[in-house]
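2 protein chains.
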Amino acid sequence: MLKVLKFGGTSVGDLEKIQNVANIIKKEKDKNYDLVVVVSAMSGVTNKLSSYAKHFSKDSSSKEVDMLLSAGERISSSLLALALNEQGYASISMSGREAGILTDCHYTRAKIQSIDTKNISKALKSGQIIIVAGFQGYTKEGRVSTLGRGGSDLSAVALAGALNASICEIYTDVDGIYTSDPRIEPRARKLEKISYEEMLELSSLGAKVLQTRSVEMAKKFDVNIISRSSFAPEIEGTLITKEGNIMEKALVSGIALDKNQVRIGLYGVSDKPGIAALIFSDLAKSQVNVDMIVQTVAVNGKTSLDFTVPIEDLEKTQNIMLRFKKDIQKVDYNEKICKLSVVGLGMKTNSGVASKAFETLAKENINIRIISTSEIKISMIIEEKYAELGVRALHEAYHLDKTCKSF
Amino acid sequence: MLKVLKFGGTSVGDLEKIQNVANIIKKEKDKNYDLVVVVSAMSGVTNKLSSYAKHFSKDSSSKEVDMLLSAGERISSSLLALALNEQGYASISMSGREAGILTDCHYTRAKIQSIDTKNISKALKSGQIIIVAGFQGYTKEGRVSTLGRGGSDLSAVALAGALNASICEIYTDVDGIYTSDPRIEPRARKLEKISYEEMLELSSLGAKVLQTRSVEMAKKFDVNIISRSSFAPEIEGTLITKEGNIMEKALVSGIALDKNQVRIGLYGVSDKPGIAALIFSDLAKSQVNVDMIVQTVAVNGKTSLDFTVPIEDLEKTQNIMLRFKKDIQKVDYNEKICKLSVVGLGMKTNSGVASKAFETLAKENINIRIISTSEIKISMIIEEKYAELGVRALHEAYHLDKTCKSF
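Protein chains in written order, with the numbering used here: chain X, 1426 to 1832; chain P, 1426 to 1832.
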């Protein structure tokens, strides 16, 4: 049976930790699994190389950046293979190219197009453990390409899909997916299972264990993921799988907190048809990730717009707003906000989840500035100072510390 | 006209020095040269990666070591290309594979088999400066391979040969080839030209500017090399070329000093036919680089053997000598020796060069322990404490501080 294991940057952060990872791999191999292992760069390396690049160029999308950054994973993968070979476990490192990962030509944020598993399959047949340099592939131009932030997760999930692996285990420094951030709510409980859909909502909302793109790909190719810790490999972790595999659907699976948003208020916007459309299409063209939008009804030919963007897109957003000076009386930016989200598959079929959230926050005198909902999520923008209080209140309201989630 | 430029590890040692290299390249490009640039890893990087490898494995010939070490040149080449692109000079980095450098499968010490210049030629035609990651190629197995110590020089000379470059300029932190080490003999003079043959003798004898293998390759493919400094690019440097290009052949071109030798004395060796042959063939099989050998005439059925090996081969040599315990009465090892060499094309046609050397050392009361000569070289083993005195005495005896070298 084939397993794909993926180890993040902190898991291979130094030589001792690489040995720790080798130990985990050896135990899995001793259980007779075929193994394809994907590794990130040793923590700090990518940032260091990235700072070198910035010293010379602001053009962060150059193909030279791919060549540069991909070196980090080549280093960690060959070191791990060296260690395993020395310890009697035949291993071979592979670059993205050697692993057959073909991408499009969007350098520094390439998308995987196809995977030719020929090399990997051949090496697996000869009993070798394959150590793939994550985060990278190659283009039809023959150049190395990189997959963008969190790209190693993506390498792992894509390989698991292409190789029909029984499971893709993603090792980080956290031992699974929790009902909430345990640093904020100590009573947060580790989930045994969670659906792709819930995980997508949670990870897009700031739960940093798994990258949104890799969960999307897992969903698409039906890859079962286990999120677990390389520092406590004996702990089971959380299975991320399709809804159909989850018998008892939790009404609410978790509370996510995202402090990385800015609320932008546009006041006195000319109520001409299409102004809002123009603003948001300009933002989209600049790849600003607009999240929540509220528009108030027009009064005296003027309307108001409220929306949120990630903090890193703030400067771009401000520049775009300048283009609409004539149409907007006043713009204000508020970074002192946060987004609280309640996520759960059970919401689909149960009413009352949303009203419970509003009631709970009201009881704590927390004002909700924007609300948006999807089938399995309610998000609320509140003042940042209430972030932790809000998380704890909601966590308690939905009894998330208990396995049985009735309320 | 095409130039190949090569920059060593100290020349690209940090970001500021990489910018300095970019400036040199820009000046050359402004003179309308087509440019292929070969770079080493930033100084310290290869050693650091190498120490990581040693932490995990003593098997320094593993292909994983190639994967690991080759990352260093990928980093420096992409950084340099980034810098040049940003400054308006279209550039592209290429790995050994992209540059078409096919090697044999002797990982960590691969030999170049052929170079497919297709990619480079195409990029040159489009006006780009090509920045090649030195020290590496790829094998027919599709893996990255490395060329061993000094491999980047070899990449540069091989590319210059394959591309029919007009010149291969090798930039280091020294501004050329000197008649002797200027740290020992301040009156040492920089040579304008030197033949491959002389350079080979000098570099195999401890002059560290150019690796023996790259000079051999330059000789084979008739590549003109200029050795010059990246920290003083305005200084002309030394041309290394074929004998035919050197009009006035110097009687003596330089004095080399090699402190990296151990003298091994074997006493009371059974004077059986073939014992010496057995010893030296065992040494050769273990890749011990035996340099000078002297055998004394047999007395009472016993003979003596004196030879030298590089210090790094001492342990191997000692192990091999154990096999001959029965045939040798006594072995001693002397590290406190050094090898002085006098090198010059003119020796071929002039007598008296050797006797001048012996006289000079005798005058200083320096005892010569072993002598060996070739067509263009006289080497002498003396006590290490006389090393500097010997160099200076010979330098003066042959009037090497003056351009006109009659004596």
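Simulated from the structure, these hints should not be mistaken for lab results. Among the hints, a few may not be true.
Just so you know, same-sequence chains aren't split out, so a pair can sit in one copy or run between any two.
Stated by the list, open to error - DSSO-like, lysine-lysine: derived pairs with alpha carbons at most 27 Å apart: (1) Lys1451 with Lys1483; (2) Lys1473 with Lys1697; (3) Lys1773 with Lys1710; (4) Lys1741 with Lys1543; (5) Lys1710 with Lys1788; (6) Lys1547 with Lys1565; (7) Lys1773 with Lys1473; (8) Lys1483 with Lys1454; (9) Lys1565 with Lys1543; (10) Lys1615 with Lys1483; (11) Lys1741 with Lys1473; (12) Lys1755 with Lys1697; (13) Lys1550 with Lys1755; (14) Lys1761 with Lys1565; (15) Lys1442 with Lys1473; (16) Lys1452 with Lys1674; (17) Lys1479 with Lys1454; (18) Lys1827 with Lys1615; (19) Lys1452 with Lys1479; (20) Lys1761 with Lys1667; (21) Lys1442 with Lys1483; (22) Lys1483 with Lys1452; (23) Lys1781 with Lys1536.
Note that the structure is predicted; figures quoted are calculated from it, not measured.
Structure-based check of each hint:
Taking identical chains as interchangeable, the C-alpha atoms of Lys1451 and Lys1483 lie at most 27 Å apart only when they sit on different chains, with a minimum of 20 Å there against 43 Å within one chain. Taking CA atoms no more than 27 Å apart as the test, Lys1473 paired with Lys1697 passes in neither setting, with 49 Å inside one copy and 63 Å between copies. Taking identical chains as interchangeable, the C-alpha atoms of Lys1773 and Lys1710 are never at most 27 Å apart, the minima being 33 Å within one chain and 75 Å between chains. Proximity of Lys1741 to Lys1543 under the C-alpha cut-off of 27 Å is found in neither arrangement, the shortest distances being 44 Å within a copy and 42 Å between copies.
In this homomeric assembly, Lys1710 and Lys1788 never come within 27 Å of each other (Cα to Cα): the closest approach is 41 Å inside a single copy and 85 Å across copies. Both within a single protomer and between protomers do Lys1547 and Lys1565 lie at most 27 Å apart by alpha-carbon distance, with minima of 23 Å and 16 Å respectively. With identical chains, the CA atoms of Lys1773 and Lys1473 are never at most 27 Å apart, being 45 Å at best within one copy and 55 Å at best between copies. In this assembly of identical chains, the alpha carbons of Lys1483 and Lys1454 lie at most 27 Å apart only when taken from different copies (23 Å versus 44 Å within one copy).
For the homomeric pair Lys1565 and Lys1543, the shortest alpha-carbon distances inside one copy (17 Å) and between copies (16 Å) are both at most 27 Å. With identical chains, the CA atoms of Lys1615 and Lys1483 are never at most 27 Å apart, being 41 Å at best within one copy and 42 Å at best between copies. Taking the closest pair of Cα atoms, Lys1741 and Lys1473 come within 27 Å of each other only inside a single copy of the chain (25 Å); across copies the shortest separation is 40 Å, beyond that limit. Proximity of Lys1755 to Lys1697 under the C-alpha cut-off of 27 Å is restricted to the intra-copy arrangement: shortest distance 16 Å within a copy versus 104 Å between copies.
Taking CA atoms no more than 27 Å apart as the test, Lys1550 paired with Lys1755 passes in neither setting, with 66 Å inside one copy and 54 Å between copies. Within a single copy, Lys1761 and Lys1565 get their C-alpha atoms no closer than 45 Å, and across copies no closer than 58 Å, so neither meets the 27 Å cut-off. Taking CA atoms no more than 27 Å apart as the test, Lys1442 paired with Lys1473 passes in both settings, with 19 Å inside one copy and 17 Å between copies. Taking the shortest Cα distances, Lys1452 and Lys1674 never come within 27 Å of each other, neither inside one copy (33 Å) nor across copies (68 Å).
In this assembly of identical chains, Lys1479 and Lys1454 lie within 27 Å of each other by CA distance solely across copies; the values are 24 Å between and 41 Å within a copy. For a Cα distance limit of 27 Å, the shortest separation of Lys1827 from Lys1615 inside one copy, 10 Å, qualifies, whereas the shortest one across copies, 82 Å, does not. Only between protomers do Lys1452 and Lys1479 lie at most 27 Å apart by alpha-carbon distance; the minimum there is 23 Å, versus 41 Å within a single protomer. For the homomeric pair Lys1761 and Lys1667, neither the shortest alpha-carbon distance inside one copy (36 Å) nor that between copies (73 Å) is at most 27 Å.
For a Cα distance limit of 27 Å, the shortest separation of Lys1442 from Lys1483 across copies, 19 Å, qualifies, whereas the shortest one inside one copy, 33 Å, does not. Only between protomers do Lys1483 and Lys1452 lie at most 27 Å apart by alpha-carbon distance; the minimum there is 23 Å, versus 45 Å within a single protomer. Proximity of Lys1781 and Lys1536 under a CA criterion of 27 Å is satisfied in neither setting, with 40 Å inside one chain copy and 72 Å between copies.
Checked against the numbered hints above, the structure violates hints 2, 3, 4, 5, 7, 10, 13, 14, 16, 20, 23; every other hint is satisfied.
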